[in-house]
Amino acid sequence: MHTVVLVLIEVLIVIGLSRLVGLAFRWINQPLVIGEIVAGIMLGPSLLGLVAPGLAATLFPPETVPFLNVLSQVGLIFFMFLIGLELNPKYLSGNLEIAVLTSHISILVPFSLGTLLAVLLYPLLSNASVSFTAFALFLGAAMSITAFPVLARIITENNLQGTRLGTLALTCAAVDDVTAWCVLAVAIAVARTGSIAGAFPTIVESLVYIGVMVTLGRNFLSRLATYYRRTKRLNQLVLALIYIGVVASALITEFIGIHLIFGAFLLGAIMPKNAGLVRELAIKTEDFVLIFLLPVFFAYSGLRTQIGLLNNPQVWLLCVLVLAVAIVGKYVGTYVAARVSGIEKREASALGWLMNTRGLTELIVLNIGLELGVISPLLFTMLVIMALVTTFMTSPLLEWTYPKKLIGLDVVEAEPDVETGTQTAVVSEITDRPYRVLVPVANPDTQKGLVQLAVAIAINYQQPAIVNPLSLIELQEDYAYESTPVEANRLIQERHQQLEELIQRLEPPAARSYVHPIVRISNNVARETTQIAALEQADLIIVGWHRPAFSNNRLGGRVGQILTTATVDVAVFVDRGEDRFESLLVPYSANIHDDLALILALKLLINRDTCHLQVLRVLSENQIKNELSYELHNLMEQLPRRVRDRIDINIIEAAEPIQAVVAASQGVDLTIAGASRTWGIERQTLGRYTDELAIQCRSSLLITRRYSQVTSHLASALAEVKSEVTS
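Take the sequence shown: its letter number 633 is residue 637 in my numbering, and every next letter is one higher.
Treat the hints with caution; some may be incorrect.
Claimed, not checked - As a list, the in silico DSSO-like pairs of lysine-lysine whose alpha-carbon atoms are at most 30 angstroms apart:
1. 288 / 277
2. 408 / 94
3. 452 / 94
To be clear, the hints were calculated from the coordinates, so they are not data collected in a lab.
All figures in this text were calculated on a predicted structure; none of them were measured in a lab.
All chains, please: the whole structure from these sequences, using the hints.
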């Protein structure tokens, strides 16, 4: 087979497997990049070469490896340009003195431990052709590196960018990134020349080039920002000139004697940080680099990772030692420096785990070391395992050390003081906290009706109540520019503005002060929604329905996930475009979900004096007429006459209950129906009754699913009603 054809087949396999494994790792709340690295290892001798050596030799013959290397090097050049481009000076704006101290100690401690470890490993894993100085420098650099891109995404996904911890971690990682690349540049120069003395001219030339780029280069590129402010776009000619600059800068650093990646990183770092320019340049560049070229780099690395070389207990013991030195050195160095700087224990510990993130940056360092012959294939494999483990452990250890409920973000606000007008609220013991409704809002421009319904259910202007429109911005990719903290903050502010505009359209105006939006970054909307509901102690989730899956009697997607996992009562709103909720219909058949439907209808009735409720009992022939549940019977007895007078209970016989309910819905604003009795057995359906009702109902429809009979949605409303009766 022609070599080019075979390389293209390899690329197809690499991209496909990288996507699949990456998505699987995203599902277990791990960075996509970890899955892509694992996919590359799977294609190498560690898995495919082990279980199907013939197939591995056919798919990845030696003659195709140089082609993969070229593609991976091009990918690395532009990826390093993206890292430099996203290295925003804003990351250095807070706690700089603490960050510089913490960052440098977090490099110095693992670097020193790595140098000591080199004394043990050099005679075992190296040879006389490699100088000990170069070996120790590379091992120290590998131990001390922090992957700024991965760490930034972890901070964004955990909504830490607005906290002291997140700001400090970003600043530390930015300083760490620059320092570590300088250390690596020295290590490369020493490796290529054989000694520090021999590397001195290379180091001087590198410093001169950096100085030229930071002064003359930055001044020249400032014209690019001026051009962009005038035109508001990057045309193909300007983009071509930028890419020429990336490759030229990479070649200059290669000729100087360090490596291609440094020139690309440097050009990205000195690019004007105009927000629009950076965003457009990153978006135009990243898709092809991250989807096509970077997986090839992972595959190329995987072909050189041979876990089979770890073939005896002594070698595995050395691998564990390498891992322990890397973790302990980075964690202890960061923790001690942070504590000395006055950071409290929990934050210092969380910072230590964050700085342990190595990810793709570590893999770049290791490949350079292997290419130069400084580290052996066996040590390369050990360090790849170390990179995977330290990145994999970051998210769970961060959650364990600094759980979401302790993250002090503006989106997880203290309870606001609820305006109660001119009257004094009477609150019983059971209503010490506000009644809270959480409303996931996917599109603020089209879901006013959803929030309006939540306001109608929650607020009676006499008792504390809060409606939280929840907007979760889902980030699909780890390395997408939108997942950088700076861009994430822009997206959050933009979404906040959209929600505020929605709130200003709510009626009546007095209700608007009770509505407090929450905006978060998320990589799993359904899971984050249920977590926030638990953290905020929501009484009810009202989620909008805007997909046609009901027609297939199936409940999938995020709505279904929320229904099956939320530990609070949930209602699904099918909006027919009716903003009025004056005329209500509750088809009642005496199950716990119908109980919730009737309770919410009564709450609307109590909150709105103009509301009217029709309770419809549809009986088939010879069916026994069941009474209301004991709980609801008691509730109805507690209602004052002004509320009971607006309730009609109709009992009819019909062979087709669904059609009877549909006919009754013709003349109402909102139908509220409980989920099927089969809920919990058919996990992905609301049952035939409510599925068909969702399709045929003539009014807007609210489908209720009750989680617990303990939740009392009427407690505050009944307290207010009782106070009126006794006054």
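### Task
Hint by hint, work out which the structure violates, then give me just those numbers in ascending order.
Hint 3 alone not satisfied by this model.
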